[in-house]
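S.K.: Letter by letter, the chains look like this.
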Amino acid sequence: MGKSRRKKRESLPFGTLVPVGEKPGVEQVLISNISYTPGFYNENCDVDANNLAKEITDDKFHWININSLYDVELLKKVGKHFGLHNLLLEDIQQTEHIPKYEEFEKHLFITLKMISVNDQEKIEFEQVAVVLGKNYVISFQEAPGDFFDPVRKRLLDATAQVRSKGSDFLFFRLIDVVVDNYFVVLEHSADQLENLETKTLNDNEENNLREILNVKKDLIYLRKSVFPLREALSKLSKTESDLIQDNNLKYLSDIYDHTIHVIQSIETYRDLVSSLMDLHLSSISYRMNVVMKVLTIISTIFIPLTFLAGVYGMNFKYFPELQWQYAYPTFWGICIVLFIAMMFYFKKKKWL
Amino acid sequence: MGKSRRKKRESLPFGTLVPVGEKPGVEQVLISNISYTPGFYNENCDVDANNLAKEITDDKFHWININSLYDVELLKKVGKHFGLHNLLLEDIQQTEHIPKYEEFEKHLFITLKMISVNDQEKIEFEQVAVVLGKNYVISFQEAPGDFFDPVRKRLLDATAQVRSKGSDFLFFRLIDVVVDNYFVVLEHSADQLENLETKTLNDNEENNLREILNVKKDLIYLRKSVFPLREALSKLSKTESDLIQDNNLKYLSDIYDHTIHVIQSIETYRDLVSSLMDLHLSSISYRMNVVMKVLTIISTIFIPLTFLAGVYGMNFKYFPELQWQYAYPTFWGICIVLFIAMMFYFKKKKWL
Amino acid sequence: MGKSRRKKRESLPFGTLVPVGEKPGVEQVLISNISYTPGFYNENCDVDANNLAKEITDDKFHWININSLYDVELLKKVGKHFGLHNLLLEDIQQTEHIPKYEEFEKHLFITLKMISVNDQEKIEFEQVAVVLGKNYVISFQEAPGDFFDPVRKRLLDATAQVRSKGSDFLFFRLIDVVVDNYFVVLEHSADQLENLETKTLNDNEENNLREILNVKKDLIYLRKSVFPLREALSKLSKTESDLIQDNNLKYLSDIYDHTIHVIQSIETYRDLVSSLMDLHLSSISYRMNVVMKVLTIISTIFIPLTFLAGVYGMNFKYFPELQWQYAYPTFWGICIVLFIAMMFYFKKKKWL
Amino acid sequence: MGKSRRKKRESLPFGTLVPVGEKPGVEQVLISNISYTPGFYNENCDVDANNLAKEITDDKFHWININSLYDVELLKKVGKHFGLHNLLLEDIQQTEHIPKYEEFEKHLFITLKMISVNDQEKIEFEQVAVVLGKNYVISFQEAPGDFFDPVRKRLLDATAQVRSKGSDFLFFRLIDVVVDNYFVVLEHSADQLENLETKTLNDNEENNLREILNVKKDLIYLRKSVFPLREALSKLSKTESDLIQDNNLKYLSDIYDHTIHVIQSIETYRDLVSSLMDLHLSSISYRMNVVMKVLTIISTIFIPLTFLAGVYGMNFKYFPELQWQYAYPTFWGICIVLFIAMMFYFKKKKWL
Amino acid sequence: MGKSRRKKRESLPFGTLVPVGEKPGVEQVLISNISYTPGFYNENCDVDANNLAKEITDDKFHWININSLYDVELLKKVGKHFGLHNLLLEDIQQTEHIPKYEEFEKHLFITLKMISVNDQEKIEFEQVAVVLGKNYVISFQEAPGDFFDPVRKRLLDATAQVRSKGSDFLFFRLIDVVVDNYFVVLEHSADQLENLETKTLNDNEENNLREILNVKKDLIYLRKSVFPLREALSKLSKTESDLIQDNNLKYLSDIYDHTIHVIQSIETYRDLVSSLMDLHLSSISYRMNVVMKVLTIISTIFIPLTFLAGVYGMNFKYFPELQWQYAYPTFWGICIVLFIAMMFYFKKKKWL
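Residue numbers (our numbering), protein chains in the order written: chain C, 1 to 352; chain Z, 1 to 352; chain X, 1 to 352; chain W, 1 to 352; chain F, 1 to 352.
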C-alpha cells in the first residue's frame with residue numbers, strides 16, 4: 001500500500017491541504033464534466049476550474065471527474081464552488097486513509113480503494129473519493145485512469161437506467177464499478193494460489209514460500225482496504241439524507257452484498273494460504289526425513305562393514321584368521337548376510 | 001467452489017443478464033410446473049415460457065422449477081410474467097455469490113448452495129434460488145438435478161402437510177431439503193477424518209497430509225457456503241411480509257436450528273482437522289527422531305571402533321603392540337566392552 | 001459424539017418420527033410417573049401409555065420419565081395426550097442435535113446433553129429432552145439410566161423444596177442435575193491433563209501426543225455440547241411464559257452461572273492442552289538436538305583421528321615417518337591433544 | 001486453581017451447604033466486626049454468632065468479616081440473622097466458581113478471587129465474597145488473611161473518606177483492594193517474562209520452556225479469574241438498587257477501569273509469552289542448524305580424505321603410485337588443497 | 001511500556017496522590033498558560049500555582065500546560081482552583097494506566113499515550129492527560145516535551161481556526177496532535193519490517209528473529225495504547241455535555257477515523273510480522289535441509305567407497321584379487337562408475 005510513497009506527516013491543523021501525487025503534465029486534462037438528462041448528453045473534457053459556475057446548472061445532472069490531487073488551488077476552487085467542507089477536502093487528499101463514509105450538510109462523501117493488478121502481476125491501490133451533491137456527483141482520482149469508462153459508455157446510451165435515475169444512482173454506479181473490480185483481483189489471487197499448490201506438491205523450492213507469502217501479503221492489504229468499506233456502506237445505507245431516493249437503496253444493498261462476498265472470499269483465501277503454508281512446511285519436513293533416511297541406511301549398512309574391513313587390515317603379528325584359507329570369502333559372506341539383514345530391517349520399518 | 005468456472009467479470013450495469021452454465025440440450029426440460037391444492041394435483045413437466053399466463057392461476061398453489069440459467073430470454077420472460085425485479089434476476093444468475101436473502105415488494109427471495117458429494121468423493125456446489133410469491137414458489141437450479149424429489153413425492157400424497165399449508169410452507173420445505181443435505185456432506189467429512197486419523201497413526205506418508213488438507217479445504221468452502229445462510233435465514237425470520245403465515249414460522253425456526261447445528265459441526269471438524277495436522281507433523285518429527293537415533297547409535301558405536309582398527313592398521317616400524325601375542329584377542333575384548341558400555345548408556349538415555 | 005451411531009438421514013418432512021436407539025427389552029420400564037404434592041407422593045414405575053389420562057390429574061404435580069426413543073407409537077401417544085407439537089416430538093428424536101430451547105404455546109422445551117465418563121475412561125454423550133407443562137414435567141432419555149436419581153430421592157422427602165415449589169422448580173432441578181455432572185467430566189479432563197504433563201516432562205513417547213489429542217478431542221465435543229446450552233438457557237431466562245414463576249427464576253440464573261463456569265473451564269483447559277502440545281513438540285525438538293549433539297561430538301572427534309590412522313596405514317614405499325622410532329607414541333600424543341582440544345571446544349559451546 | 005482441592009461434587013439440591021476448606025483451629029477468630037460512624041469506631045475481634053443481634057445496630061455502619069467457610073452452622077446463623085438467600089450462601093461456599101455478581105432483594109452480592117504470589121513464587125487464588133446490606137458489609141474469606149488490612153487502617157482514621165461515605169463506599173473499597181492486588185501479581189509475571197527473555201537469548205536449556213509455560217499457565221488462570229469480574233462489575237454498575245448512592249458510582253467506575261487495565265495487560269503478556277515461545281523454538285532450530293553444520297563440515301572435509309588414505313592402504317600387488325618417490329608428499333598436497341577448497345566453499349555458503 | 005519504571009503499588013485509598021516521574025530541576029517551567037481570544041494572545045511561561053486566580057479569567061480562553069507530575073502540592077493547588085475531582089487527579093497520576101475518558105460534572109477528561117521513536121530507534125510511551133473546562137483546557141505531561149509545539153505556533157496566528165473556535169476545538173486539536181504522531185511511529189515499524197524482510201531473504205542469522213520479535217513487541221505495546229483510545233473517543237463523541245459545541249464534533253469524528261486507521265494498520269503489521277516469522281522459520285528449515293543434503297551426498301558417495309578401499313586393505317593371506325594385475329585400475333573404475341551413478345540418482349531426486 002505504497003509505504004514508500006507516504007511522506008513524513010507533520011501534525012497539520014484540521015483541513016490543511018498539501019499537493020499529493022505527481023505533478024500532472026501541462027497537457028493533462030484535470031477536470032472533465034458530463035452533463036446529462038434523460039434526453040440530453042454533453043461531455044466537456046477540459047473544464048476550467050474558474051468556469052464551474054457556467055458549467056454546472058440546476059436543470060441537468062452532472063458528473064465532474066477530477067484527475068489529480070496535486071493542484072491544491074484547483075481543489076480549493078472546486079471546494080469553494082460546491083461548498084465542500086474543509087475536512088472533506090482534507091479527507092480527499094489523505095490517500096493513505098482507509099475507506100470511510102461521511103455525511104455533510106449538503107453532501108454525502110465516500111472514499112474507497114480502486115484495486116487493480118498491474119502488468120508485473122502486482123496489486124496496486126489507488127484512492128478514489130466520490131461526493132454526491134443535489135444534482136451532481138464529483139469523483140476524485142489519485143491519478144488519471146480509465147476505471148470509470150464502463151459508466152461513461154452507458155451514459156452515452158439514452159435508454160440506460162443511469163440516464164434517468166438521478167445522481168444518486170450514478171453515485172452508486174461509480175462505487176459499484178470499484179467493487180466489481182475487486183472480483184478481478186480476487187480471481188488473480190485464486191489463480192496464484194492454485195498454481196502455487198501444484199508447485200508445492202511437486203518440489204520444495206524456497207521460492208514457493210516467498211510466493212505464498214506474497215499472496216498472503218496481497219490478501220492482508222486487500223482486507224485492510226475492503227473491511228472498512230463494509231462499515232462505510234452500512235453507514236451510507238442508514239443515511240436519512242434526502243439526496244438518496246428510497247427506491248434506489250436496493251442498488252446500494254446489492255453493492256453491500258458484493259462487498260460482503262469479497263470479504264468472505266478474502267477470509268477463505270487466507271485460510272487456503274495457511275493450508276498452503278502447512279503443506280509447504282510439512283513438505284520440507286517430509287523431504288528432510290527422506291534425506292535422513294538415506295543417510296542412515298547407507299551409514300548403518302556400511303559403517304559396521306567398514307569396521308570389519310578395518311579389523312582385518314590390522315597388522316598384528318599373531319592374527320589367526322589371516323592365515324585361514326577361506327577367510328576372504330567368509331568375509332564377503334558375512335558382509336552379504338549383514339547387508340540383507342539390514343535391508344530386511346529397513347523394509348520392516350517402512351524406511352524403504 | 002468452481003474457481004475455474006468463473007468467467008472474467010466486467011463491470012456490467014445493475015441487473016444485466018448473461019448466459020450462465022452450459023447450454024441445455026434441445027430435449028431438456030427447462031420449466032416444470034406443479035399445481036396443487038389440498039384436493040388437486042397436476043404436474044406439467046414441460047412448460048412453455050410463453051404460456052405461463054395460462055398455467056398459473058390464482059386459485060391454486062404453484063411450484064415452478066427452472067432447470068437452467070443459460071437461456072436469458074426465458075429468464076426474462078419468467079421475470080416479466082411474475083414481475084420479478086431486475087436485481088433479483090441478476091442475483092439468480094450470480095451463481096458464485098454467497099447465500100443471501102432479499103425482500104422485494106411482492107416477493108421473498110433466497111439463494112443458497114446445494115452441496116453434494118459426487119462419485120469421485122469430491123464435494124460439489126450448486127447455486128439454488130427460491131422465490132416466494134403470493135400463491136407460487138419458483139425455484140431456479142444451476143443445472144438439472146433430482147434434489148427436490150422428496151418434496152415432489154410428498155406433494156403427490158393428498159394427506160401431506162405440504163399440500164394444505166400454503167406456498168410459504170413449500171418455500172420452507174425446499175430450503176429444508178437443501179439444509180438437510182448438508183448433514184450428508186458433513187458425515188462424509190467426518191468419515192474421511194476418522195479414516196485419516198487411523199492412517200496417520202499407522203504410517204507417515206506424505207499423502208496423508210494432502211488428504212487432511214483436502215478435508216480442510218472442503219470445510220473452508222462449506223463454511224463459506226453455510227455461514228451467510230444463517231444471516232439470510234435470520235433476516236427471513238424477522239420479515240414482516242404477509243407472504244409468510246405466522247403459524248408456519250415454527251418450521252423456519254427449525255431450519256434455522258439445523259443451520260446452527262451445521263455451522264457448529266463445521267467448526268468442530270475444523271478443530272479436529274487441526275488436531276490431525278498436529279498429529280501428522282508430530283509423527284514426522286517423531287519418526288525423524290527415531291531415524292536419527294538409529295544413525296547416532298550405529299555411528300557412536302562403530303566410529304570409535306573403526307578408529308581403533310585403523311590405529312592397528314598403521315605401518316609404523318616401531319609399533320610394540322603389534323608384536324604382542326594377545327593383542328588380537330585383547331582388541332576384540334576392548335571392542336566388546338565398549339559395545340556393551342554404549343548399549344548401557346543408550347538404554348539409560350531411553351534411546352533403545 | 002457417536003459419529004458411528006448416526007444413520008444416513010434422508011430429508012424427511014417436518015415432524016416425521018423414526019425409531020431411535022436400540023429396541024428396548026420386553027421387561028424394560030418405558031414410562032414412569034411420579035405424582036406429588038407437598039403432602040402426597042406416589043411413584044408408578046410402569047405406566048401404560050394408554051392409561052395416561054387416568055395417571056395425570058390436575059390437582060397434583062407429575063414427573064413423567066420416558067426411557068427410550070425407540071417406540072414411535074408410544075411417543076405419538078404421549079405426544080397426543082399432552083398436546084405436544086409434532087416439531088417438538090421430532091426434536092426429541094434428533095439425538096445428534098445440539099442443545100436447544102424452544103417455546104410452544106403450552107409447553108417449554110429444552111434438549112441438552114447428559115455427559116458422563118464411562119468405565120473405559122471415555123466420555124459418553126446422551127441426549128435428554130425435558131418438557132414443562134402446566135403441572136407436569138416430562139423427561140425423555142435416549143437410554144435408561146440413573147442420572148436423575150438424586151432428584152428422585154429428594155422428592156421422597158416431604159420437607160424438600162422440590163415438593164412444594166411447583167413443576168417449574170422440578171424442571172430447573174432436572175437441568176441442574178445434568179449441568180452439575182459436567183463438573184465431574186471436567187475434573188476427569190483436568191486429572192488427565194495433569195498426568196499427561198508429568199509424563200511429557202519425563203519421556204517423549206509418541207503415545208503422549210495421542211493422549212493429549214484425545215483430551216483435546218473430548219474438550220472439542222464438550223464445547224460443542226455446552227456452548228449452545230448457554231444460548232438456550234439465556235433464551236429460557238427471557239421467557240414470558242407463565243409456566244415459570246418469577247421467584248423461581250433465581251434458580252435458573254444459578255444454573256446459567258454454572259454453565260458459564262463450565263464454558264470458561266473448557267476454554268481454560270483448551271489453552272492448557274495447547275501448552276501441553278507445545279511442551280511435547282518442543283521436547284521432541286530438544287531431544288533431537290541432544291541426539292544430534294552426541295552424533296556430532298563423536299563424529300567430530302573420531303573422523304579426523306580415523307583419517308590420521310588411515311594416513312599411516314598407507315603402503316607408500318617412501319614414507320619417512322613410518323621409520324621414525326617415536327612415530328607411534330607421537331601419533332597417540334596428537335590424538336590425545338586433538339581430543340582434549342575438541343572437548344574444550346564443545347564445553348565452550350555448551351554442548352556438553 | 002487448586003484442581004487437587006476440588007472434591008467430587010454430587011448434584012446437591014439448590015442451596016445445600018457443606019464444610020469448605022480446612023477446619024479452623026480452636027483459637028482462631030472466625031467473625032470480627034468493626035462498627036463505625038464518622039465519629040465512632042469500635043472493633044470486636046471475636047464475635048459470637050449468637051450475639052449478632054446485639055452487635056449490629058441500625059445507627060452505625062458495620063463491617064463483618066468471616067474468616068472460614070468450614071463451619072456450616074455458623075454460616076447458617078449469619079445467613080439467618082441477615083436474611084441472606086440460601087442461593088447466596090451456597091455461592092459463598094462454591095470457592096471454585098468464577099467471579100459473579102448477583103442482586104437479591106435486600107443484598108448485593110459479589111464473589112471474586114484474591115490473587116497473590118506466595119513465598120515459592122507461585123500464584124495462589126482465594127475466593128472472597130462480599131455482601132452489601134443496608135448499613136453493613138459482610139466479607140467472607142476462604143482462609144484467614146491480612147489482605148484487607150489497608151482498609152482496616154484507614155477506618156481507624158476519623159478523617160478518612162471511608163468513615164463518612166456509607167457502607168457502599170466500604171463495599172467498593174474492599175473490591176478495590178482485591179483488584180489493586182492484581183497489579184502486583186501482573187508485575188510478578190512481567191518480571192518473570194523479562195528474566196526468561198534474557199535466559200532464552202543466552203542458552204537453550206529445556207527448563208526455559210517449562211518456565212515459559214508456567215508463566216503462560218499463570219496467565220491462563222489469571223484470565224479465568226479476572227475476565228468474569230469485568231462482567232460482574234458491569235452488572236453491578238447498572239444496578240438500580242438503592243443500596244448504592246449515585247455519587248459513589250464514580251468509585252465503582254474507577255475499579256472497572258482498573259479491571260479493564262488488568263485484562264488488557266493479561267492479553268499483552270499472553271502475546272509476549274507466545275513471542276517468547278517462538279524465540280525459544282527458533283533458538284532450538286537455530287542451534288540444531290549450527291550443530292548440523294559442524295557435523296557436515298567435518299564430515300565433508302574428512303570423509304573424502306579418509307577414502308583417499310584408504311585407497312593407498314590397499315595391498316594390491318600391482319600398485320604403481322606406491323613405488324613413486326614423491327607419492328607421500330603429493331598425498332598431503334592433495335589433502336591440503338582439498339581442505340582449502342572446502343573451507344572456501346563453506347565460507348561462500350556462509351556456513352562459517 | 002516501562003515495566004521497570006513501575007513501582008510496587010500498595011492499595012491506596014481512592015484519590016491518593018504520590019510523586020510520579022523524576023523530580024524536576026529548579027529552573028524548569030512547571031506551569032505555562034496561554035490566554036487567547038480571536039483578537040488577543042498572551043503566553044505566560046512560568047505561572048505560579050498560587051496565582052492561578054489572577055491568570056485565569058472568564059472572558060478569555062486558556063490553555064494551561066503542566067510539565068511534571070512530581071510535585072503533588074502543585075497538582076493539589078491546580079486541582080483545587082479548577083475544582084477537579086480527586087479521582088481525576090489520581091487518574092492523571094496513574095501513568096501506567098491505559099487510555100480512558102471520563103466525564104465529570106464540570107470537566108471532560110481524557111488520558112492518552114504520546115508515542116514517539118527516540119534516538120536509539122526505540123519506541124517511548126508518555127502519558128498525557130487533557131482536561132476540558134468551561135473556557136480552559138489543562139494538559140498534563142509526564143515529562144517536559146515539545147509535542148504540542150505545532151498547536152502553540154498556530155495559536156500565534158490570529159487567523160487560525162483554533163483562535164476562534166472555542167476551548168473544545170483546542171481540546172480536540174491536542175488529541176489530534178497525539179494521534180497524528182502515531183502515524184510517524186507506524187511508519188517507523190513499517191520501515192523496520194521492510195528491512196527485516198530483505199535481510200531474512202538473504203541470510204538466516206539468529207539476530208533477525210530477535211529484531212522481528214522486537215517489532216512484534218512494539219506492535220503489542222502500541223496496540224495496548226491505541227485500542228482503548230478508540231473506546232474512549234467513542235464515549236467522548238456520545239457525550240451530552242454542553243462543553244462541546246455540536247459543530248465541532250466533526251473534528252472529533254475525524255480524529256476517531258484516524259484512530260481506526262491506526263488500529264487497522266497495527267493489525268495489518270501484526271499479520272506482516274507473523275508472515276515474516278514464518279519466512280524466518282521456514283528459511284531455517286530450508287537451510288537445514290540444504291546442509292543435510294550436502295552431508296548425505298558426501299556420505300552416500302564416500303562411505304561405500306571407503307568400505308571398498310578398506311576391503312582391499314585387509315591382510316588375508318589368501319586374497320586372490322590382490323595378485324591380479326589390473327585390480328588397481330579396476331578399483332578406480334568401480335569407484336568412478338559408482339560416483340557417476342550416485343550423482344545421477346541425486347540429480348533425479350532433485351538434491352543437486
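No lab work stands behind these hints: they were computed from the structure. There could be a bad hint or two in this list.
Note that the list lumps identical chains together, so a pair holds whenever it fits in one copy or between two copies.
With a straight-line cut-off of 20 Å between C-alpha atoms, the simulated PhoX-like cross-links for lysine-lysine are [unchecked claim]:
id	residue 1	residue 2
1	K224	K348
2	K238	K250
3	K80	K250
4	K165	K153
5	K23	K54
S.K.: Next, verify each hint and record whether it holds.
M.R.: Results for each hint:
In this assembly of identical chains, the alpha carbons of K224 and K348 never lie at most 20 Å apart, being 53 Å within a copy and 41 Å across copies at closest. With identical chains, the CA atoms of K238 and K250 are at most 20 Å apart both within one copy (12 Å) and between copies (18 Å). For the homomeric pair K80 and K250, the shortest alpha-carbon distance between copies (19 Å) is at most 20 Å, but the shortest distance inside one copy (33 Å) is not. Proximity of K165 and K153 under a CA criterion of 20 Å is satisfied intra-copy only: 16 Å inside one chain copy versus 47 Å between copies.
Taking CA atoms no more than 20 Å apart as the test, K23 paired with K54 passes in neither setting, with 27 Å inside one copy and 53 Å between copies.
In this structure, the earlier hints numbered 1, 5 are contradicted, and the remaining ones agree with it.
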